[in-house]
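J.: Sequence:
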Amino acid sequence: MLVMVVDTATPAVTAGLVTVGDDGVTLLDERVTVDARGAGELLAPQITAVLAGCGKTAGDLAAVVAGVGPGPFTGLRAGLVTAAALGHALALPVYGVSSLDAIGHRLPGRVLVATDARRKEIYWATYTDGVRDGEPGVAKPDVVALTLAGVTAAAGEGAERYEAVLRLPVTGPRHPSVQALAELAAERILDKAPGETLVPLYLRRPDAVAPGERKPALR
Numbered sequence: 003m004l005v006m007v008v009d010t011a012t013p014a015v016t017a018g019l020v021t022v023g024d025d026g027v028t029l030l031d032e033r034v035t036v037d038a039r040g041a042g043e044l045l046a047p048q049i050t051a052v053l054a055g056c057g058k059t060a061g062d063l064a065a066v067v068a069g070v071g072p073g074p075f076t077g078l079r080a081g082l083v084t085a086a087a088l089g090h091a092l093a094l095p096v097y098g099v100s101s102l103d104a105i106g107h108r109l110p111g112r113v114l115v116a117t118d119a120r121r122k123e124i125y126w127a128t129y130t131d132g133v134r135d136g137e138p139g140v141a142k143p144d145v146v147a148l149t150l151a152g153v154t155a156a157a158g159e160g161a162e163r164y165e166a167v168l169r170l171p172v173t174g175p176r177h178p179s180v181q182a183l184a185e186l187a188a189e190r191i192l193d194k195a196p197g198e199t200l201v202p203l204y205l206r207r208p209d210a211v212a213p214g215e216r217k218p219a220l221r
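Taking the numbering used here, the leading residue of the sequence shown gets 3, the next gets one more, and so forth.
If you're looking for bench data, these hints aren't it; they were derived computationally from the structure.
Listed next, with one range per pair, are the computed distances between beta-carbon atoms: (1) L192 to V167: 36 to 44 Å; (2) R108 to K194: 23 to 31 Å; (3) T149 to G23: 37 to 45 Å; (4) D25 to V145: 42 to 50 Å; (5) G139 to A166: 18 to 26 Å; (6) R108 to G136: 17 to 25 Å; (7) G42 to K122: 22 to 30 Å.
We treat Cβ as the ideally placed atom computed from N, Cα and C, and that holds for glycine.
All chains, full assembly: derive it from the sequences and hints.
T.: Below is the structure:
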């Protein structure tokens, strides 16, 4: 089954084409451009490029996989809207995967996965042999560092950026890979599970607030 995979939860704008079968996931082609503000402009051309590079068209696809974050609102939204639109236009099932889970996938031992949440914070979760220990969170790196008893390594560009604060060697991938995202969705794809409504993991309340009630003008 031919599957398109996209992720824009981190500065790495990612699109890739894989086959998913009983023998596993095979990567055919991918495009990755690190540009924190370029997801809206870069993703669609990257999708076109990987299809063309493999001699395929959108009509050959059987499913779409998208990283659902956590990630900053604008970049993450670009990937999810693109994936949902592609699935809707072609009547394809769309499957969501945690972008942190894709970074932590198959990493041995106890590992911290962290991506940059801006505002001097990180999106983070810990993993034991590739399986997430609990719910992901967002916090200052020095606060996260107090919770890492037993964690021996880190992965993700957020962990790399705050390596001195977290005091962990960064040994894993910096960004979600096409291969890992596809592997985490492979069972649903092979089972032909119904497509999902993509729910973004923002982990923060929006900055914008509804205006309060206007006070009456004084005469």
